[in-house]
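*Asks:* Listed below, chain by chain, are the residues.
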Amino acid sequence: MGGLRNYIIRRVISSIPTLIGISILTFTIIHLAPGGPLKFSLALRGDISPEYLLEMEKRLGLDKPIWEQYLIWLKNIITGDLGTSYIKEVPIIDLLQIYAGNTLKLMFSAQILAVLIAVPLGIISAVKQDTLIDNTARFASLFGVSMPSFWTGLMLMFLFSVKLDLLPVFGARTIGAVYDYSMAAILDEFMHMILPVTVLGLSSAALITRLVRSSMLEVLNQDYITTARAKGLKENIVVYKHALRNALLPVVTVVGMSMGFLLAGATVTETVFAWPGMGRFVVQSTFNRDYPAIMAVTMMVALMVVVTNLITDLTYGFLDPRIRFE
Amino acid sequence: MTEKTTVAPRKGVSFTMKAWKRFKRNPTVIFGASIVLIIIFTAIFAPFISPYDPKKMNYGDVYMPPNSDHLLGTDELGRDMLSRIIYGSRSSLQVGCVSVLILTVIGITVGAISGYAGGPIDNILMRITEIVMTVPSLFLLIVMVSIFKVRGLPIIMVTIGLISWPQMARVVRSEVLSIKERNYIEAANSMGASSFDILFREILPNIMAPITVMMTLRLAGAIITESSLSFLGLGDPTAITWGTMLSRGHLVIRRAWWIATFPGIAILFTTLGFNLLGDGLRDALDVRM
Amino acid sequence: MSQKKLTLITILMISIILTSMLAVPIAGAEDEKYFFEFSILVISGFESHRMMAEMIQNELGQIGIKASIEQVGFGVFMDRLNKAGSDQALAVDDGFDTWLVQFGDSGELDPDNMGTLFHSKNQHPGWNKGAFYNGQFDAILDEAAVLSDMEDRKTLYSDALHILAEEVPSATIAYLKDPWVMRSDVEGFDTVLGCYGLGAYTWSLSDQEGGTVQYAQPGSLPSLNPTFAGAGTTLRAVGHTVWEALMDSDSNFNPVGELAESWTVSDDGLVWTFTLHDGVLWHDNEPFTTQDIITTFDAIMDIDTAMSSYYDFDELVDSYRAIDDKTFEVILKIPSAAAWSKIFTQEIWPDHIMADVPHMDWKSHPLNTQLCIGTGPFKMVEWQPEEYVKLEVNTEYYRGRAPLDTLYFVNIPDAATAMAALEKGDVHVLDTYYSLGNEVPQIEANEDLKYVLRINPGAVHLMFNLNHPMLGNKYVRKAISATIPRADIVANTLAGLGDECTSFIHPLTWAYDSTANVPSYDLEQAKAYMELAGFKYEYLEPEPTIPVSSNLLPAVGGAVIGLIIGALAISFLKKP
Numbered sequence: 001m002g003g004l005r006n007y008i009i010r011r012v013i014s015s016i017p018t019l020i021g022i023s024i025l026t027f028t029i030i031h032l033a034p035g036g037p038l039k040f041s042l043a044l045r046g047d048i049s050p051e052y053l054l055e056m057e058k059r060l061g062l063d064k065p066i067w068e069q070y071l072i073w074l075k076n077i078i079t080g081d082l083g084t085s086y087i088k089e090v091p092i093i094d095l096l097q098i099y100a101g102n103t104l105k106l107m108f109s110a111q112i113l114a115v116l117i118a119v120p121l122g123i124i125s126a127v128k129q130d131t132l133i134d135n136t137a138r139f140a141s142l143f144g145v146s147m148p149s150f151w152t153g154l155m156l157m158f159l160f161s162v163k164l165d166l167l168p169v170f171g172a173r174t175i176g177a178v179y180d181y182s183m184a185a186i187l188d189e190f191m192h193m194i195l196p197v198t199v200l201g202l203s204s205a206a207l208i209t210r211l212v213r214s215s216m217l218e219v220l221n222q223d224y225i226t227t228a229r230a231k232g233l234k235e236n237i238v239v240y241k242h243a244l245r246n247a248l249l250p251v252v253t254v255v256g257m258s259m260g261f262l263l264a265g266a267t268v269t270e271t272v273f274a275w276p277g278m279g280r281f282v283v284q285s286t287f288n289r290d291y292p293a294i295m296a297v298t299m300m301v302a303l304m305v306v307v308t309n310l311i312t313d314l315t316y317g318f319l320d321p322r323i324r325f326e
Numbered sequence: 001m002t003e004k005t006t007v008a009p010r011k012g013v014s015f016t017m018k019a020w021k022r023f024k025r026n027p028t029v030i031f032g033a034s035i036v037l038i039i040i041f042t043a044i045f046a047p048f049i050s051p052y053d054p055k056k057m058n059y060g061d062v063y064m065p066p067n068s069d070h071l072l073g074t075d076e077l078g079r080d081m082l083s084r085i086i087y088g089s090r091s092s093l094q095v096g097c098v099s100v101l102i103l104t105v106i107g108i109t110v111g112a113i114s115g116y117a118g119g120p121i122d123n124i125l126m127r128i129t130e131i132v133m134t135v136p137s138l139f140l141l142i143v144m145v146s147i148f149k150v151r152g153l154p155i156i157m158v159t160i161g162l163i164s165w166p167q168m169a170r171v172v173r174s175e176v177l178s179i180k181e182r183n184y185i186e187a188a189n190s191m192g193a194s195s196f197d198i199l200f201r202e203i204l205p206n207i208m209a210p211i212t213v214m215m216t217l218r219l220a221g222a223i224i225t226e227s228s229l230s231f232l233g234l235g236d237p238t239a240i241t242w243g244t245m246l247s248r249g250h251l252v253i254r255r256a257w258w259i260a261t262f263p264g265i266a267i268l269f270t271t272l273g274f275n276l277l278g279d280g281l282r283d284a285l286d287v288r289m
Numbered sequence: 001m002s003q004k005k006l007t008l009i010t011i012l013m014i015s016i017i018l019t020s021m022l023a024v025p026i027a028g029a030e031d032e033k034y035f036f037e038f039s040i041l042v043i044s045g046f047e048s049h050r051m052m053a054e055m056i057q058n059e060l061g062q063i064g065i066k067a068s069i070e071q072v073g074f075g076v077f078m079d080r081l082n083k084a085g086s087d088q089a090l091a092v093d094d095g096f097d098t099w100l101v102q103f104g105d106s107g108e109l110d111p112d113n114m115g116t117l118f119h120s121k122n123q124h125p126g127w128n129k130g131a132f133y134n135g136q137f138d139a140i141l142d143e144a145a146v147l148s149d150m151e152d153r154k155t156l157y158s159d160a161l162h163i164l165a166e167e168v169p170s171a172t173i174a175y176l177k178d179p180w181v182m183r184s185d186v187e188g189f190d191t192v193l194g195c196y197g198l199g200a201y202t203w204s205l206s207d208q209e210g211g212t213v214q215y216a217q218p219g220s221l222p223s224l225n226p227t228f229a230g231a232g233t234t235l236r237a238v239g240h241t242v243w244e245a246l247m248d249s250d251s252n253f254n255p256v257g258e259l260a261e262s263w264t265v266s267d268d269g270l271v272w273t274f275t276l277h278d279g280v281l282w283h284d285n286e287p288f289t290t291q292d293i294i295t296t297f298d299a300i301m302d303i304d305t306a307m308s309s310y311y312d313f314d315e316l317v318d319s320y321r322a323i324d325d326k327t328f329e330v331i332l333k334i335p336s337a338a339a340w341s342k343i344f345t346q347e348i349w350p351d352h353i354m355a356d357v358p359h360m361d362w363k364s365h366p367l368n369t370q371l372c373i374g375t376g377p378f379k380m381v382e383w384q385p386e387e388y389v390k391l392e393v394n395t396e397y398y399r400g401r402a403p404l405d406t407l408y409f410v411n412i413p414d415a416a417t418a419m420a421a422l423e424k425g426d427v428h429v430l431d432t433y434y435s436l437g438n439e440v441p442q443i444e445a446n447e448d449l450k451y452v453l454r455i456n457p458g459a460v461h462l463m464f465n466l467n468h469p470m471l472g473n474k475y476v477r478k479a480i481s482a483t484i485p486r487a488d489i490v491a492n493t494l495a496g497l498g499d500e501c502t503s504f505i506h507p508l509t510w511a512y513d514s515t516a517n518v519p520s521y522d523l524e525q526a527k528a529y530m531e532l533a534g535f536k537y538e539y540l541e542p543e544p545t546i547p548v549s550s551n552l553l554p555a556v557g558g559a560v561i562g563l564i565i566g567a568l569a570i571s572f573l574k575k576p
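Residue numbers (our numbering), protein chains in the order written: chain A, 1 to 326; chain B, 1 to 289; chain C, 1 to 576.
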């Protein structure tokens, strides 16, 4: 697998310009916004004298030209220093550890749930094309994507948490619970995940269902499937062994591609369920113009996108032996 | 990576007839199309249909449940919900249309150039696409609002368009990639047609189908995005949009369920309509996405 | 090629739909006649403020003024206030024309509050962001601040109130009573000790000893030190639960001792002598002494520490000294009735931790975050920045331990979620910041829930930027003030839980003068003021009902244009 290793190394190296591009873009946008970052965060604390502002700017290096500030930031981030939040006065890495973990947990579970719902639904839809089952499945999946997720979330919350009293209302765990990996703690976290994951997964599921359906349909009409059928293979074997494998290729792409969109969705879901995650953190930071925090989160997301793209391409190779990593 | 061409018309039956048949066969598509038509009709003829002025406040009649005077009740300032929902169709569709227009123009340009030119240009453009997908959209929105002096709904429409083109660009690129290897393109090429002519006269018309499908889907997406922005407190407080009504109504849902429910249903049906239409078009035009 | 035909039809249809939709006028964008236009800046997340702004906008339309509403996050809000204060910027230049805000979260019933908002010495960076200046008003306030005779002071403040009522530097709207919504079993909440924090010291649960109370807030805590955090969420969570000051106020806004067991004021009002409680311990068991106060005061008096109370201290405090371990003396520059609330409610920091820390580094010291060591009835034990802060009862507390065992301040951003959590019993109390006035009828109907009202000493104001060419005219301001439907605002947005504003200070304030009234709601009077300001109503035609054609024409026109564009596109594509 030397080829594979080289491929990964090449991909990682070639993603560096993207990451730098993202950081430059975000950094520029930050400095386009009126009112310096510091003035802004200090304004939250009430009256600040101009002298103090100047002094603090000097200390944080904000009096230097933008390109120099950028280089300093770049140097820091390469050495692993994400900076300190202007608002919270806490190293951002401490905050990100908690939030990113929570958000990733939410996003991956949602994506897995989406795939679990969507793939079977899509296959049934395609195999039974234009029947009642197909139409119902498609209609249901479209329902998921047609409702604003905060609305779905609140409805589910009222139903399952308040009226039926089955699930907790908010948070990633019961307030005050300890992370001790006991059965009770794991169950507690699981219960808290059900609603947010469902809400986030639904919209993603709708997308994937449609994709699985259309690519299945396409594969099913192709010559080699027809041949397989003509050879007298059982329909089930045709569908699951030959067609599915090929139909899953585009699904993998979309699952990888939609990570960025999922984060946007996570922002809303996290706000509804008071889920302490990155989406909410980025909203808070944006509202407060906590620039080091925005930069850190952006880079975190960029890294996530790059990594998922890489994983997507690798998965592609395993699903489709024709693809070689050269 | 494994683009296959499937849109080749078959002999005998004309493509249009085949498409129309597939379109017709599907009751959900007819359903979707009718919703879209109704919404567009409502938006255009809003002043004729709505029973009251959507901005007329009546402090005496706040939180009125649905009744014979106000079919869908009144909101927290005594305004007629039905009229607001009817007028809301205008701004919600406008949000959809403006952002879709912007994302389509950028998406087609980037995608077509990227797919047709290939090589380093393709590489750079795809990198840019990736970058745009990554930068937090909320942040872009706030910055846009502070840079441009225009505030409120227009800037929201434009921003939604500016942040959601990458998907379109990717679809267009992959379609262009698959089509540019075909015989007739090569023929045109050898006859000395300019790249511009080939791109816009030969390739583009042939990929209109996936673009149309994408447009209907993104239109629904834009309406949802607008309502989510309102929910996060980034909407236009004075605009009459379903998103604003919904995000306000959810706060008083115990006292007045109708304020949030009806705009929610309106959003649901509109986006459902556009999604169903898009789905139907995809099946009818045999597009893979 | 038939597929191409279909494509062309699609293009045609899309362009028709798109352009007709682009051309449809959105309701609210119709052409109305008005004299001038200004913007109302509102903090997002405050539903009642948004509703007030919409009602004001609605009424202003009737006297020919067009108001637009801009809802922005708190940070942007502050940024724009400062921009207006420092650069005289109007709303178009990222400043403001008017801002709608509720004052008084950290205020008290002191008539000197007028000065905080309107004295010219408090122009930017103070709170007089709209650049109001009236020399006579300034002089009166300066004089009243140093007088000790209450009757004379009252006369002076009354004069000041008359000036404000004449000049209308802001349109006062309503005095609020904010509801805290809570589970019925939460007791001891009725006496809200202190307007600076929450009186968590007295809370208990009816059916049990000790117990845990979860208090939900819509925002997260920026840090755990109220002095630097500048956010109400931090103040309510740890101000006066973990941190303590020399004095606090009771629920009637009268001074009471906190760390100070008693205090005396000299006859000239200049020398304040405090006797501290015995046996006060910091949460790390170090004894509390006068040295802690000195270290804290030293830091505040140094501008480098960047505490917002620097300006008050600089203005009022002459010197201070420890007489012994338990006695502390402060000498003021001028006698001030408001001194206790401005100076002595400042949280005290531990000397044994902060003594060697340079003042510049106080702001970023871990004491503000994970360390958080105070003297209060509760100890901070755990802080998850976006989630919650956990406080546990301080069993060694010098006034006796509080009834509760544990107190959580939980961050739930959305009000609907918070209400759901309360109904389910996951949280016990919802903060006033959720603006739950609209829920009151539902709460009264639910026997599991109740609410406690707090009189808010400050009013909701529509503050004017006097640099605005039109709002600089006092008759325009009077007209706007006379257009505000105060009674309807109180009834609608506050569910009747407030009072209409009649003056610039709260009616409960001792210096209240019922003759110095602001222009009250009267559209005819408002129009008269507008005429005085030079606006002639005959120039405004009677408001026309918008003809249907003008509403429809753009859409039809758009469709036609779309048809043309589509046709052009087709002919372009078809050519070869």
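One should not assume that every hint holds.
Once the Cα atoms are required to be at most 27 angstroms apart in a straight line, the calculated DSS-like pairs of lysine-lysine come out as [as the list claims (entries may be wrong)]: (1) 56(B) - 66(C); (2) 56(B) - 128(A); (3) 363(C) - 75(A); (4) 363(C) - 342(C); (5) 177(C) - 154(C); (6) 342(C) - 379(C); (7) 163(A) - 177(C).
It should be emphasised that the hints constitute simulated quantities derived from the structure, not laboratory data. Values in this document were obtained by computation on a predicted structure and should not be read as measured data.
*Asks:* Each hint should be assessed against the structure and marked as holding or not.
*Replies:* Each hint, compared with the structure:
Between residue 56(B) and residue 66(C) the CA atoms are separated by roughly 15 angstroms; this keeps the pair inside 27 angstroms, and the hint holds. Restraint check for residue 56(B) and residue 128(A): not satisfied, since their Cα atoms lie roughly 52 angstroms apart, outside the 27 angstroms limit. Restraint check for residue 363(C) and residue 75(A): the C-alpha separation of about 25 angstroms stays at or below 27 angstroms, so the hint holds. Simply put, residue 363(C) and residue 342(C) have alpha-carbon atoms about 20 angstroms apart, close enough for the 27 angstroms limit, and the pair holds.
In summary, the hint linking residue 177(C) to residue 154(C) is supported, as the alpha carbons are separated by about 26 angstroms, within the 27 angstroms threshold. For the proposed pair residue 342(C) and residue 379(C), the alpha carbon gap of about 25 angstroms is at most 27 angstroms, so the pair holds. Using a Cα cut-off of 27 angstroms, the hinted pair residue 163(A) and residue 177(C) is violated, with the two alpha carbons roughly 31 angstroms apart.
Hint compliance for this structure: hints 2, 7 are broken, all remaining hints hold.
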